[in-house]
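Residue numbers (my numbering), protein chains in the order written: chain A, 1 to 142; chain B, 143 to 344.
Careful: at least some of the hints might be erroneous.
[To be verified] Here are the in silico distance ranges between beta carbons for each label pair:
hint, chain 1, residue 1, chain 2, residue 2, range
1, A, Phe-24, B, Pro-296, 51 to 61 Å
2, B, Gly-171, A, Glu-37, 21 to 31 Å
3, A, Trp-21, B, His-216, 49 to 59 Å
4, B, Asp-302, A, Val-52, 53 to 63 Å
5, A, Ala-13, B, Ser-329, 47 to 57 Å
6, A, Pro-39, B, Thr-261, 47 to 57 Å
7, B, His-216, A, Lys-137, 39 to 49 Å
8, A, Ala-19, B, Gly-298, 55 to 65 Å
9, B, Gln-276, A, Pro-26, 51 to 61 Å
10, B, Ala-278, A, Thr-140, 47 to 57 Å
11, A, Glu-37, B, Gly-205, 30 to 40 Å
Don't read these hints as lab results, they were simulated from the structure.
Think of the CB as a built atom: it goes at the ideal place given N, C-alpha and C, for glycine as much as any other residue.
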Amino acid sequence: MKAVHVASWTLAAVVSAAAGWAAFAPLSVASRDEPFEIPKGTWARRMAGNKVEILPNRIDLTLGLNDQLLLRNLDDVPQQFGPVLVMPGQSFRLPFEKASTYSFDCTAHASGQMTIVVAEAPATPWDRIQWRWNQFKKKTRA
Amino acid sequence: MNRLARSLFALALAAVPAFASAADPNPIGLKAGVFDPPQPAAEFPAGVHATDRGDLTLARWRGKVVLLVFGFTHCPAVCPTTLATLAQARRLLGPDAAAMQVVYVTVDPERDDLAHVRTYLAGFDASFVGGTGQAAVLAELRRRYGATAQKIPPAGGGADYGMSHSTTIWLIDRAGRLRALMPFGHSAEDFAHDVRQLMALR
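So that you can see chain B by itself, here it is in the shape it has in the complex (with noise of 0.2 Å):
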């Protein structure tokens, strides 16, 4: 009986209701994921070139939301998807798109040049930028941002190899700073809305 009432007692606590209120743990109310507090985002080593002109940096943004991206163009499902939603997402977003900047590295330089992942990225959204480098830079480049990427070997033996990279989206301040991380499958509209609230803060 002693133990069949601690049961219950116990029981009863796991649902109890507290009354302590909390402070906001998502004040800017993102879809994403949320870093607290959040700090300067890491820039990008020399090196990492870009789509449109010179070396690719994390500080020529300044002043727009920026939405960070590793994939490769080879990619079959996860990159198409993801910048096919962030393409909307600034359509979305109408005369404020201007204010969002969507920067996609390669994972993959072996395969995308320069001119490779212009050409894919134009397919999308003629204002985003891609960049791709020397494979020990982006190497550098995934590791300050916790980023992911590993070689997959072709199944039958060919040349056609796969990448298996990290899926999520990096949201950058205008300020230049990593406020939160996006998972892979939010809609085009929770992009935008994030972007909104991200376009609001100082």
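So that you can see chain A by itself, here it is in the shape it has in the complex (with noise of 0.2 Å):
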């Protein structure tokens, strides 16, 4: 009884010590880009009629985080990537300073639109635990 009554008491002090961690220790990431790339063979895989789709119809970005949209292109063609036409072996980066929703044209999307919406920054502690599980998500995803 008294084991269970410390590990309930352990297990209650590693959460609140993770939740003010990510409530309060300051955001930083490695790089700003949120890249997207067009791996080798693409054009041949399309050709092949195979339906090979890039980018999302959304992105989400951060000001001051991943503000920058990075497309590479590591194909033998030229390829267009949203409004951008990429060379092959080029890449394509894109800063945002400023929050907002930006819509470009894209015609691999069925909308023919492309959204990009740039949050501000994360300023308070939830927006913080926000911003680190949406990143979690996104690295469990991968």
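Two chains, two frames, a set of hints: combine them into the complex.
Printed below as a string of structure tokens:
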């Protein structure tokens, strides 16, 4: 019974410490890039009738953290990346300085539009927890 | 508990700062999106006629920073905003404005003949040069830059159709390299800043 009690308190302490850290520790990232790559062979796969989608309809960025869209073309032919024509071996890096919703023409999507939503940097403890949680979900999905 | 520990560990990893220093991703410090490495901008196909004289070629502007815009003179919002912003950027540049050339190519040759484009551009800045030509030639030019344009039928069935078109601005340096692409909505200050940065490049 005592062991269960100790375990419960330990668990509560760990969760509280993690929540405190997630809420108050400064946010930091290795790179501000949000990268998307067209892999080598994409054109060949498309020519073979396969559907290859690289860019999602909506991309979420956060000022000061991941606020640069990075598009890399690793294929052997020029590729249209949303509104940008990127040559083989070339990259295109688009920085954002204002929180807003940006719409771009994109023939790759049925809607004809690609939306980039740029949010303000997390300012409150709750915002930081949410941002970390979203990053966690993104990493575990990858 | 193991699952909780793994989650906490992954959460911690998600926010651990990295201390490795990366190369500056935007060494010329542009507000616009930057191509790396820059490559020669595509030359215009034969048959794009200029509002000032002869055919419109890119080579003609070597030594200047070229801002290439695709649009149409009946455009209700995007084109007037972009052209007014670029005219203001030229004013901000003062004596350096001579090194900046705005080139506006129509996506609507049906209605935009040379005289019409010339008159339209003169309302913004006398230095702006326009281009028009046969639809197939203009489509080829757009293909080379990855620009898009599509006719929008009039809602009421009349003759006054619209055009959906790329709203970004292509930035070409003095050596004719396609350096950057500025999305719609940036300020005149941002354009003036980037033109100055590109002017400083060799």
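Outcome of the hint check:
Checking the proposed 51 to 61 Å range against A:Phe-24 and B:Pro-296 shows it holds: the Cβ atoms sit about 57 Å from each other. At roughly 25 Å, the beta-carbon separation of B:Gly-171 and A:Glu-37 lies within the given 21 to 31 Å, and the hint holds. At roughly 57 Å, the beta-carbon separation of A:Trp-21 and B:His-216 lies within the given 49 to 59 Å, and the hint holds. The given range of 53 to 63 Å is broken by B:Asp-302 and A:Val-52, whose C-beta atoms sit roughly 39 Å from each other.
A beta carbon spacing of about 51 Å between A:Ala-13 and B:Ser-329 agrees with the range 47 to 57 Å that was offered as a hint. For the hinted restraint 47 to 57 Å between A:Pro-39 and B:Thr-261, the CB-CB distance of approximately 48 Å keeps it satisfied. Separated by about 46 Å at the C-beta atoms, B:His-216 and A:Lys-137 satisfy the suggested range of 39 to 49 Å. Checked against the hint of 55 to 65 Å, the C-beta distance between A:Ala-19 and B:Gly-298 comes to roughly 58 Å, which is consistent with it.
A C-beta distance of roughly 58 Å is found between B:Gln-276 and A:Pro-26, which places it inside the suggested range of 51 to 61 Å. For the hinted restraint 47 to 57 Å between B:Ala-278 and A:Thr-140, the CB-CB distance of approximately 50 Å keeps it satisfied. At about 36 Å, the beta-carbon gap between A:Glu-37 and B:Gly-205 stays in the expected band of 30 to 40 Å.
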